[in-house]
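There are 2 protein chains.
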Amino acid sequence: MKKQNLPTMKDVAKEAGVALGTVSKVINGIPVGDEYREKVEAAIKKLNYEVNTYARGLKVQKTNTVTLIIPDCINPFYSSLAHHVESHLYKHGIWMVLCCSNGIPEKEIDYLTSAVKNQSDGIIALTYSDIGKYVSPNIPLVSFDRMFENNFTPIVASDNYKGGILATEKLLEFGCKRPAFIRFISPFKGEVNKRLEGYLKVCESHKIEPIILDKREYEDPNKEIPIFIKDQLLPDGKLTFDGIFSNTDYHGYLAMKTLQKLGFQVPEDIQIIGFDGIHKFGGEENELFVSSICQPVPELAKTCVDMILAKDRSMLPSLTLLPVKYQYGGTTRDPEADPKYKK
Amino acid sequence: MKKQNLPTMKDVAKEAGVALGTVSKVINGIPVGDEYREKVEAAIKKLNYEVNTYARGLKVQKTNTVTLIIPDCINPFYSSLAHHVESHLYKHGIWMVLCCSNGIPEKEIDYLTSAVKNQSDGIIALTYSDIGKYVSPNIPLVSFDRMFENNFTPIVASDNYKGGILATEKLLEFGCKRPAFIRFISPFKGEVNKRLEGYLKVCESHKIEPIILDKREYEDPNKEIPIFIKDQLLPDGKLTFDGIFSNTDYHGYLAMKTLQKLGFQVPEDIQIIGFDGIHKFGGEENELFVSSICQPVPELAKTCVDMILAKDRSMLPSLTLLPVKYQYGGTTRDPEADPKYKK
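For the record, the sequence lines run as chains A and B.
Per the working numbering, the very first residue in the first sequence carries number 1; after that it's consecutive.
Per the working numbering, the very first residue in the second sequence carries number 1; after that it's consecutive.
There's no promise every hint is true.
No copy is singled out in the list; a pair is fine if it fits within one copy or between any two copies.
[Stated by the list, open to error] Calculated cross-link-like contacts (lysine-lysine; reagent style DSSO-like; alpha-carbon spacing at most 30 Å):
#	residue 1	residue 2
1	223	343
2	325	107
3	91	25
4	223	340
5	91	133
6	302	280
7	311	117
8	257	14
9	45	340
10	201	325
11	177	343
12	201	162
13	280	261
14	189	342
15	230	45
16	238	343
17	162	177
18	10	46
19	162	261
20	207	46
21	215	107
22	342	261
23	261	340
These are calculated hints, taken from the structure and not from any lab test.
Make a model of the complete structure from these sequences and hints.
In structure tokens form, the structure reads like this:
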């Protein structure tokens, strides 16, 4: 292929009808007005500019570091992801810079734009901050779970929809007649939202009326879960539901504690299945906090690493969903784990 | 001070009676024979060479990254330390490279020597690998807990001796007559070893005969703890001890599970105090796994960061011990937490 066949930044500026500096800003993740940004992105797409940029391997000055952005390193799911991302990067001779965003968008933006300044070779981000306009086609970025409103950021996630179906079907298989669903989520669109869709699909096919606690992540689960459960108490002291599919193990665990305080037995009266697969003290040799749909953390980490190190980013799948598994954690009437539940 | 007053590397070589290259190797953490190394270190000390080296600030090319070495990012104590070290470094505009050693000494050595090659400005290490000879006075290093056989690596740790005393005294205060002690530790000398010393001190002053399970970290606690507890069963079905001070929350939790399987009630029959202060799901708003002597993780992290960023390393304290606190976690007959234990 001759060099002159490849579109240049000038061609993009001409096509978009904007100044060259505006194109540069968009490519380098520096905010410009939405109208200009959309024009430049349309021109980039039309001229297939980004693909050629990557294929030419413009970014030659390697730092041999990749940055992982996670909300914190306290939540066992995030810290386990950090552990496995580091291990896989090290196999490739790459060091991991860790950013715990603590919910501060400015901190994430700082690390995101660092890749442009050649301080990091790429970013793997698990973020629910409002940073969409800082994401540029020129920053090697792999997003865990979160969808961005662009068509160049590959997403890696667990198969949350199938996980939602699996959790709800398992509750029915173990004897539940009417499982409820609880979640506390961010306003940003991500694969994680599909856990509810899976629950609703199974409810629909079994003609079960859904019962849902649907809250934002900033609301206090230690208040909201007890309010929800007490709201579902019937005059005879029973609950409207006999099972809970919780969007995370953590909220499932809080629901279990609330139910036990109210005198209900788990799993005898109410069964619970969470999502994530969090082991006590983190080690896989330890028990789970609750029965759970487990995310394959080592495989998710490996997939993110393979993608961020890919030489030709134009060929990356836009979405990669890895399979999840149900695992017993003491809160289900699972006959395989406890023979007393055999029919 | 005139420049000619400061000893040079040549002076060190002359004093030690070795070649200049040998001095350079020792300073840069490249292994040489023990005999040569000792000669060079003695000469460095005699001539006060290192102090002047640091004071002159020879290392001018900054990368604005500091490396944290931890065994893994799965254990909640380690991942929480990583979280707080990252937060404090970020306040100084420094990024954290994370190394999860996974017990592979070569990996730790790789990161340790990186500081010499100017790929990192310093190392904060929580390590129990055999890497002592790769530690050089020229590598800015702060060690968490572990002691190295040199006199230039500052150590930051919790006050483990006072923690050992506090745990044992708390058990006695809550009604124990004879507490036992259990641990699984590495062969390398660290502050953590002093938890046993604290236990022994209290036993001695109360004329209590100690009962100790003292194992290496590679031995399986899921086997060894049940064997130990069964060994302590008396013909009348009671145990020789009525309390356990466990070197970690994790092993205290395993002991609780074993005791419960054998039909003992915790804390009614046997009280347990662990060490670390691990919260379920990591969050401080959650309960502890067991009553515990809590390490001040945010303050430990801040101290490590302040030391690794210190401009004049010659003035750093060789040992800094931060205070620990007892916190109720359901496994002690603590009258402040549960009024039914008020006398």
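To see whether the hints hold, each was checked on the structure:
{"no.": "1", "hint": "223 x 343", "in the structure": "neither (37 Å within a copy, 34 Å between copies)"}
{"no.": "2", "hint": "325 x 107", "in the structure": "neither (34 Å within a copy, 32 Å between copies)"}
{"no.": "3", "hint": "91 x 25", "in the structure": "between (34 Å within a copy, 28 Å between copies)"}
{"no.": "4", "hint": "223 x 340", "in the structure": "between (35 Å within a copy, 27 Å between copies)"}
{"no.": "5", "hint": "91 x 133", "in the structure": "between (32 Å within a copy, 25 Å between copies)"}
{"no.": "6", "hint": "302 x 280", "in the structure": "both (23 Å within a copy, 27 Å between copies)"}
{"no.": "7", "hint": "311 x 117", "in the structure": "both (19 Å within a copy, 27 Å between copies)"}
{"no.": "8", "hint": "257 x 14", "in the structure": "neither (62 Å within a copy, 71 Å between copies)"}
{"no.": "9", "hint": "45 x 340", "in the structure": "neither (60 Å within a copy, 71 Å between copies)"}
{"no.": "10", "hint": "201 x 325", "in the structure": "within (18 Å within a copy, 50 Å between copies)"}
{"no.": "11", "hint": "177 x 343", "in the structure": "within (16 Å within a copy, 48 Å between copies)"}
{"no.": "12", "hint": "201 x 162", "in the structure": "within (10 Å within a copy, 57 Å between copies)"}
{"no.": "13", "hint": "280 x 261", "in the structure": "both (21 Å within a copy, 18 Å between copies)"}
{"no.": "14", "hint": "189 x 342", "in the structure": "neither (41 Å within a copy, 52 Å between copies)"}
{"no.": "15", "hint": "230 x 45", "in the structure": "neither (53 Å within a copy, 71 Å between copies)"}
{"no.": "16", "hint": "238 x 343", "in the structure": "within (24 Å within a copy, 39 Å between copies)"}
{"no.": "17", "hint": "162 x 177", "in the structure": "within (20 Å within a copy, 55 Å between copies)"}
{"no.": "18", "hint": "10 x 46", "in the structure": "within (14 Å within a copy, 65 Å between copies)"}
{"no.": "19", "hint": "162 x 261", "in the structure": "neither (32 Å within a copy, 37 Å between copies)"}
{"no.": "20", "hint": "207 x 46", "in the structure": "neither (47 Å within a copy, 85 Å between copies)"}
{"no.": "21", "hint": "215 x 107", "in the structure": "within (26 Å within a copy, 44 Å between copies)"}
{"no.": "22", "hint": "342 x 261", "in the structure": "both (28 Å within a copy, 23 Å between copies)"}
{"no.": "23", "hint": "261 x 340", "in the structure": "both (25 Å within a copy, 18 Å between copies)"}
Going through the hint list in order, the structure does not satisfy hints 1, 2, 8, 9, 14, 15, 19, 20.
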